[in-house]
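6 protein chains.
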Amino acid sequence: METSTPVIRSLSDLLIGEEADVFVLMTAKEALTTKQGKPYYKVGFRDAGREVLFPIWCDSEFFTNCQDDWQPGGFYKIRGVYQESSYGPQLEIHRIREVTAADTSEGFDPSLCIPTTRFDPEEMMRDFLDILQGNIANEPLRSLCLQILEDNRETFMICPAARSNHHAFRSGLLEHVLSVTKTCLYLAEKYDAYYENLNPPLDRDIVIAGAALHDIGKLREYELGIEGVEYSPAGNLIGHILLGRDMVRESPCAAAVDPEHLLRLEHVIVAHQRLPEWGSPKPPMTPEALLVHYADDLDAKYAMMASALAEASGEDPMTSHRNPLRQRVYRGNKPR
Amino acid sequence: METSTPVIRSLSDLLIGEEADVFVLMTAKEALTTKQGKPYYKVGFRDAGREVLFPIWCDSEFFTNCQDDWQPGGFYKIRGVYQESSYGPQLEIHRIREVTAADTSEGFDPSLCIPTTRFDPEEMMRDFLDILQGNIANEPLRSLCLQILEDNRETFMICPAARSNHHAFRSGLLEHVLSVTKTCLYLAEKYDAYYENLNPPLDRDIVIAGAALHDIGKLREYELGIEGVEYSPAGNLIGHILLGRDMVRESPCAAAVDPEHLLRLEHVIVAHQRLPEWGSPKPPMTPEALLVHYADDLDAKYAMMASALAEASGEDPMTSHRNPLRQRVYRGNKPR
Amino acid sequence: METSTPVIRSLSDLLIGEEADVFVLMTAKEALTTKQGKPYYKVGFRDAGREVLFPIWCDSEFFTNCQDDWQPGGFYKIRGVYQESSYGPQLEIHRIREVTAADTSEGFDPSLCIPTTRFDPEEMMRDFLDILQGNIANEPLRSLCLQILEDNRETFMICPAARSNHHAFRSGLLEHVLSVTKTCLYLAEKYDAYYENLNPPLDRDIVIAGAALHDIGKLREYELGIEGVEYSPAGNLIGHILLGRDMVRESPCAAAVDPEHLLRLEHVIVAHQRLPEWGSPKPPMTPEALLVHYADDLDAKYAMMASALAEASGEDPMTSHRNPLRQRVYRGNKPR
Amino acid sequence: METSTPVIRSLSDLLIGEEADVFVLMTAKEALTTKQGKPYYKVGFRDAGREVLFPIWCDSEFFTNCQDDWQPGGFYKIRGVYQESSYGPQLEIHRIREVTAADTSEGFDPSLCIPTTRFDPEEMMRDFLDILQGNIANEPLRSLCLQILEDNRETFMICPAARSNHHAFRSGLLEHVLSVTKTCLYLAEKYDAYYENLNPPLDRDIVIAGAALHDIGKLREYELGIEGVEYSPAGNLIGHILLGRDMVRESPCAAAVDPEHLLRLEHVIVAHQRLPEWGSPKPPMTPEALLVHYADDLDAKYAMMASALAEASGEDPMTSHRNPLRQRVYRGNKPR
Amino acid sequence: METSTPVIRSLSDLLIGEEADVFVLMTAKEALTTKQGKPYYKVGFRDAGREVLFPIWCDSEFFTNCQDDWQPGGFYKIRGVYQESSYGPQLEIHRIREVTAADTSEGFDPSLCIPTTRFDPEEMMRDFLDILQGNIANEPLRSLCLQILEDNRETFMICPAARSNHHAFRSGLLEHVLSVTKTCLYLAEKYDAYYENLNPPLDRDIVIAGAALHDIGKLREYELGIEGVEYSPAGNLIGHILLGRDMVRESPCAAAVDPEHLLRLEHVIVAHQRLPEWGSPKPPMTPEALLVHYADDLDAKYAMMASALAEASGEDPMTSHRNPLRQRVYRGNKPR
Amino acid sequence: METSTPVIRSLSDLLIGEEADVFVLMTAKEALTTKQGKPYYKVGFRDAGREVLFPIWCDSEFFTNCQDDWQPGGFYKIRGVYQESSYGPQLEIHRIREVTAADTSEGFDPSLCIPTTRFDPEEMMRDFLDILQGNIANEPLRSLCLQILEDNRETFMICPAARSNHHAFRSGLLEHVLSVTKTCLYLAEKYDAYYENLNPPLDRDIVIAGAALHDIGKLREYELGIEGVEYSPAGNLIGHILLGRDMVRESPCAAAVDPEHLLRLEHVIVAHQRLPEWGSPKPPMTPEALLVHYADDLDAKYAMMASALAEASGEDPMTSHRNPLRQRVYRGNKPR
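Residue numbers (the numbering used here), protein chains in the order written: chain A, 2 to 337; chain B, 2 to 337; chain C, 2 to 337; chain D, 2 to 337; chain E, 2 to 337; chain F, 2 to 337.
You may find that some hints are simply not true.
Since the list can't tell identical chains apart, any single copy or any two copies may satisfy a pair.
Unchecked claim - Listed next, the in silico DSBU-like pairs over lysine-lysine satisfying Cα-Cα at most 35 Å (straight line):
(1) Lys183 to Lys30
(2) Lys283 to Lys30
(3) Lys183 to Lys302
(4) Lys39 to Lys302
(5) Lys335 to Lys30
Calculated from the structure, these hints are not laboratory results. In this text the structure is predicted, and so the values were computed from the model without any measurement.
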């Protein structure tokens with residue numbers, strides 16, 4: 002059946018029935034038994050764009066191998082045939098071994114096995130820091146933002162924005178926060194000019210700093226694993242809104258910030274979800290908090306809608322309602 | 002008491018205790034009796050920035066005059082002294098007569114007596130039409146928008162955006178719709194670039210056309226009077242969302258629009274309030290409807306917050322919660 | 002096993018274990034694989050009163066036949082044995098072929114294969130039109146109703162009232178609307194007499210016309226297939242309430258109707274679901290709309306309760322709560 | 002001012018400024034002081050169709066008389082002039098004395114001083130009992146209903162249906178219950194015929210008995226006074242739904258009723274308000290309870306709408322939203 | 002395979018793979034067919050602490066035996082091997098027979114096969130009656146409580162407090178009611194002393210009597226079977242709150258109780274769930290009802306939390322949210 | 002009128018019409034004008050148990066004095082006559098002067114002029130500290146609690162528990178927190194014994210420490226004035242739940258506390274209001290948080306009910322629903 006050496010392909014590019022070698026991350030291994038008593042392992046492997054889940058039956062040649070050696074979180078080179086069944090995408094394994102150092106030369110790159118932002122994190126980070134540098138006039142506030150980001154740079158660069166709702170992929174938090182900050186730049190400028198006699202005037206520094214830090218508590222709410230995120234105990238018992246405000250208050254740079262500025266910044270974080278049932282103990286009570294809330298909420302909802310559209314298939318003009326929006330999305334009368 | 006001829010001032014500029022001549026619109030005249038049985042008229046006069054409400058007692062020299070001649074909706078020249086009591090701003094009338102043609106030369110202008118947009122309606126309209134001309138690429142859709150605006154230009158130029166919630170002043174609808182459209186221009190461009198593989202792609206024409214027409218039904222929901230607006234029977238029984246969609250469907254230009262475009266545009270109008278309890282029978286189910294909803298909702302809420310701040314006085318760090326947001330707004334630790 | 006020629010029976014009359022020839026509609030054909038990797042087709046066939054769903058295994062004699070030839074929407078003559086398993090009613094196929102023209106003489110009738118009203122649609126339609134003829138005194142209003150029904154007679158005769166909630170079968174809409182209209186006849190007469198000084202008086206014409214047209218938009222909300230209905234794009238994005246009002250406004254007969262009458266009729270349609278979360282942007286604000294809402298709501302809820310009772314089995318005094326009412330219904334202490 | 006002897010008129014027929022003798026019930030007498038320290042009594046008098054409320058000042062000739070002698074609940078003959086001020090209808094008293102036995106010959110009748118049903122209570126009661134006699138086939142059930150009504154005939158004949166919501170007048174309960182029972186007669190017959198195979202079949206006896214007794218607990222919920230009703234302690238702490246079920250269970254006739262019948266009847270009473278927040282601990286779980294709920298709810302809401310229309314004045318096309326429906330009602334484009 | 006005679010063990014103590022003889026109650030027997038058409042019975046057996054559910058395949062040696070003889074509700078002695086599969090705890094049967102009288106000598110006790118309170122029912126009952134004897138000073142009230150408990154002693158001793166929410170095991174109602182009564186003893190004493198001038202004073206007798214009887218209606222709401230409880234028709238259609246109040250009112254001792262006391266006691270029962278959507282038609286309107294509500298609610302919620310913690314396994318710091326609280330519970334950072 | 006020297010009395014003891022000398026705190030002074038244009042000051046004076054509010058007319062002998070000298074927050078000795086009008090308790094002033102040092106000898110004590118706890122704050126504080134000393138076994142946790150209380154002793158001794166809802170008087174917070182802590186002592190002991198195998202075991206130290214600190218953030222939420230409290234900016238924008246958690250985290254003693262303990266303690270504070278709409282971003286997810294929530298909620302609701310009963314007058318069996326519970330409370334059939 003394997004007459005010629007299959008080429009190295011990415012799992013997410015395989016066509017149905019195609020055989021190839023792929024580099025993948027093992028994501029699941031669960032010992033199960035059928036209703037009829039037959040033991041098997043349900044295993045999962047993925048690259049950045051596709052996950053396959055399938056059984057290794059007790060009578061398979063790979064069963065012992067699976068039982069003893071394979072570990073979720075490990076990287077593997079698999080030769081196999083891609084299939085799609087009613088249980089979703091599957092892989093018929095022909096050969097499998099752990100990835101070795103040498104595989105790098107053949108194109109193995111762990112980051113290609115994990116769902117991640119479409120954008121370059123380094124570039125996003127530069128872009129983000131430039132915006133803060135250039136648009137927060139108040140020095141102590143600017144320092145506060147930059148210092149917090151500096152202190153958490155490593156995790157901030159890779160953290161998802163959510164476990165499943167939106168931007169739930171590597172560097173998703175950075176992507177989301179950058180997008181929100183850019184929208185806030187526009188809105189702060191627009192509404193400052195529109196209501197030029199607002200009293201007190203719109204504090205554009207607070208808007209930008211608030212946008213930059215509104216979700217910073219997610220770094221404490223989550224525990225990062227290879228595969229997505231889990232909630233930390235503090236994430237469960239306290240929540241990212243309070244944890245994010247802590248990070249601001251605990252920063253050594255906070256002392257230099259004018260107390261009124263600090264209070265307004267904290268309020269942006271506290272109020273950014275707007276509704277108590279979404280986790281905000283207070284609604285936006287300042288124009289700054291209002292702008293950040295809207296920019297954030299729209300960015301999240303738009304991402305959910307885009308995902309719902311991307312995941313839909315078939316010819317139904319509507320997506321299913323099984324998505325974080327909990328409603329159908331219109332795909333057009335004759336979706337392709 | 003009136004030794005020198007008072008100067009002509011605008012009512013909203015008068016200081017407490019200052020005597021002046023003012024041109025005002027009569028806004029209220031109600032025959033009442035005190036608990037103790039004393040008859041009086043409660044009358045109201047206003048210019049663009051201030052309204053005074055006060056009694057004309059049955060023993061006042063102006064009582065008969067008020068009873069027989071004064072009419073709400075009429076314009077008057079009043080000489081009087083401005084006062085503020087616990088019942089709000091008042092005017093102690095010394096002389097009063099109806100405005101005459103000659104008063105124009107002294108600066109009388111009816112539009113100065115009505116609360117109105119801070120901006121020039123003609124300029125906003127030009128700005129608005131330019132945006133539509135320049136940013137709706139699809140010809141039939143562009144014609145539809147421009148034709149509807151053309152057909153309703155006169156009322157659209159002056160209609161408020163609401164009876165009391167936000168932009169509740171002359172040309173408030175135009176001011177609000179222009180602002181929403183501008184935000185939508187930014188958001189459509191941003192999110193189109195951000196999600197470049199959206200399928201189907203974001204239709205920026207629909208976003209702009211939807212922003213332009215989302216509130217057009219208010220022209221049928223309201224009946225315009227000198228003083229603000231009242232709901233029409235159709236406004237009460239059907240509502241501006243359905244009435245606005247009617248205006249689109251009934252336009253002779255609608256036939257030329259691709260049915261799929263028309264459906265998406267109608268959906269933007271139908272869904273722009275998002276929640277059923279706010280009048281939208283359907284939530285936003287397209288990216289276009291989502292963008293217009295957020296731009297619209299933010300613009301309304303920001304205006305409410307700005308009004309709450311503008312109307313607050315005293316030294317309380319918070320405004321009252323008696324405003325369309327039904328919550329307090331933060332004025333700063335030591336408001337001026 | 003097939004010693005004698007089985008008689009022709011209707012599927013819904015078969016007893017467990019009985020063999021017979023049945024004429025059925027194919028309702029489903031889905032290519033699946035068991036968890037253990039065995040391919041099969043899950044197929045469905047139905048007549049008016051019963052649906053069978055069962056697997057055609059890859060090792061069945063019918064597998065290739067099923068794969069290549071059978072089509073959902075096609076009519077088949079099947080010889081088989083009826084069974085009931087824990088997966089529901091099943092059919093063990095012995096022979097199967099497509100229905101031919103000649104089968105008509107043996108009693109094949111496509112309409113016998115589809116769940117449908119218990120009543121004669123033609124008779125209901127006559128009854129319905131007679132009621133409208135005899136009870137809408139106002140000529141333009143009567144013409145409007147009759148013309149809309151005339152223009153949509155064909156689909157109105159067969160359309161279900163819902164996809165799954167109530168009257169979800171062929172001609173269910175007609176059955177429901179006729180029932181609502183009859184109740185409204187009673188209620189309009191009763192309350193007109195009861196509150197004889199109502200000001201303005203109850204307009205019985207509006208009540209009857211509103212009852213007749215309250216759900217007319219379902220003709221645009223649904224796309225009719227052989228098997229039940231799907232939502233059209235406009236059904237999803239706009240909804241039957243608005244679409245029904247469109248049908249009234251777009252009728253050539255609408256111009257002749259007094260505008261006040263038309264507005265009241267439109268309001269009945271707009272308000273008939275009463276609550277915004279049920280799709281009505283306005284609550285009933287006229288006595289006419291109130292009557293139609295109650296007659297409609299009761300008829301739907303009664304049908305749901307009757308269905309819940311009809312579908313229950315076993316000896317539990319209560320039905321399950323898995324029905325459109327989302328609550329249990331009482332079957333009596335010792336249900337048979 | 003009183004040159005000729007005024008005629009005896011009914012208070013509700015007086016025109017503004019008209020002087021007459023009227024027989025009225027005193028409804029209120031409250032000792033108050035103006036903000037400026039002037040003592041007065043606020044007194045109220047009414048007949049069946051109109052109530053007047055006005056001050057008796059400390060310097061009035063009637064002050065001492067009012068202080069010492071007048072008692073709410075007493076009947077008075079007043080000679081006075083009818084007025085309408087911004088505080089509502091008033092009466093300028095010229096003479097006043099308590100009603101005497103002799104006044105009956107001049108037309109005094111206490112029942113003319115109390116708001117009451119438009120219908121003849123005796124006739125309604127006969128009508129009601131005839132319906133129960135003729136339409137409850139089950140003898141024990143029929144006896145139960147008739148006996149309970151017999152035992153409470155006196156209060157049932159005069160009790161209002163509510164303190165303020167609907168049918169809040171003398172004999173309002175009887176009027177409402179009779180109307181509900183009549184609607185239930187129609188609905189029970191209709192739906193029994195419509196769903197002839199319902200299992201168990203609709204029990205029309207339960208529908209009629211349930212309609213007749215659904216509100217019977219109001220006799221224990223209220224304490225009847227001359228002027229409307231107050232809640233009894235049990236009415237406040239337990240509520241009419243539970244109290245009504247008690248009356249059924251406590252009746253000596255209950256023992257003869259089949260337990261299943263009794264349970265279904267109790268359930269109609271318990272569930273008739275449908276929602277827990279309206280006082281029903283259980284929703285309708287039988288077809289009988291469903292019918293009674295709808296007939297009852299419609300009758301209450303229709304009465305509220307009729308009252309809102311009757312109380313509206315002026316030319317506004319809509320009533321105020323200050324009515325038990327808490328929404329505006331449409332009066333027509335040009336209400337008279 | 003069975004070389005040595007296995008010892009008699011309790012099912013809940015078996016380790017995975019351990020063989021033993023166990024006495025168990027049969028809890029389920031359901032005839033099913035696999036998707037592939039293979040018939041089997043799904044059977045369940047349990048003792049007080051563990052339930053096993055597993056298939057008896059049609060080709061098993063026990064199939065006919067199961068089909069013909071085994072009955073849910075029967076007690077069996079089984080020799081088998083305990084296993085845990087992904088379908089939960091299972092038992093591999095080697096031998097099985099019905100329990101006989103002789104088994105008692107080997108330790109068979111039916112009560113060991115049913116989940117039950119950790120406490121001694123007799124002792125709890127004595128404790129409970131002592132509390133009522135010693136803490137209800139008012140004689141008629143005390144007699145009422147004691148008589149009702151006396152009359153229902155047998156079922157009260159064994160009834161669960163719920164079908165599944167909390168204290169859903171044999172004698173759970175007694176355990177819960179005793180706990181609530183003890184808390185009420187503390188709270189009544191505390192708050193009586195704390196607010197010593199309350200007017201009217203806190204009636205500690207009512208608090209204790211109310212605590213004792215608040216859930217008494219569960220005796221009528223449920224029908225007790227070997228395995229837990231089912232709702233009775235009256236339980237479904239009327240509910241335990243009303244049924245419990247009936248038991249008080251119908252007691253021959255009720256007549257001797259002061260009506261005001263009786264009303265307050267009834268109110269405690271009626272209001273003890275506080276919210277209408279939880280079944281209480283009235284909220285607590287007396288201090289006595291308030292105390293009982295809080296003591297009851299806390300005891301129920303604490304039990305739910307304790308169960309959620311007890312049922313959790315693995316190393317996740319949080320339990321699942323699938324428990325009657327519908328939320329996660331914190332198990333500690335490194336749960337054992 | 003003043004023949005004999007009136008005795009010194011407390012304002013709250015005065016009978017209607019009684020003349021006396023009283024020491025009072027001025028609580029209000031507002032410049033107003035009647036509808037008829039007459040200027041006056043509305044002034045307020047109070048002692049611990051009663052507040053009087055009345056006008057000083059422009060023609061009063063005290064008008065100038067009031068205008069120029071009297072200051073809210075000042076203490077005054079007034080000779081006057083106590084009156085009750087329909088505007089509430091009033092004082093007819095005969096003489097008035099500011100309190101002097103010498104008045105102390107006559108019994109003047111500022112604390113007698115402010116509504117305050119019925120208990121001795123010093124004693125409550127000792128009691129409170131003793132409980133914490135004796136019942137928090139974990140040393141670092143105990144030190145944390147004691148240190149925070151030590152650091153805030155002065156304000157904690159006097160702060161009210163709320164602006165108006167419950168315990169809204171001097172030292173009300175201490176009174177409330179002490180009561181909650183005592184209840185928690187009982188509940189922690191009870192439930193620890195009741196569920197002795199809870200895993201992890203109930204941490205009684207956390208329960209007591211959580212009870213002690215649950216409302217500590219009110220010290221930052223409020224700004225204390227002579228008269229009650231106002232919200233601070235941080236109180237408005239952040240809220241006492243978050244501010245209280247800050248106080249724990251910022252304490253120098255926090256570092257010594259085991260992180261798991263600290264997290265559980267913070268969670269008790271964060272979750273103590275249970276519902277997001279009451280300000281808790283997380284519901285109780287630990288048994289400790291559950292106990293504190295119930296003890297706190299009951300103590301607040303009981304206080305509200307006690308206040309509603311105390312403030313009611315007249316013979317109505319129910320209080321008004323205008324109290325923080327927003328419902329009526331039962332006073333008994335014949336309240337005194």
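Hint check results:
Taking CA atoms no more than 35 Å apart as the test, Lys183 paired with Lys30 passes in neither setting, with 41 Å inside one copy and 49 Å between copies. For a Cα distance limit of 35 Å, the shortest separation of Lys283 from Lys30 across copies, 33 Å, qualifies, whereas the shortest one inside one copy, 43 Å, does not. When the C-alpha separation of Lys183 and Lys302 is checked against a cutoff of 35 Å, the pair qualifies both within a copy, at 16 Å, and between copies, at 20 Å. Within a single copy, Lys39 and Lys302 get their C-alpha atoms no closer than 44 Å, and across copies no closer than 40 Å, so neither meets the 35 Å cut-off.
Taking the shortest alpha-carbon separations for Lys335 and Lys30, only the inter-copy value of 22 Å comes in at or below 35 Å, while the best intra-copy value is 39 Å.
Hints 1 and 4, counting from the list given before, are not met by this structure.
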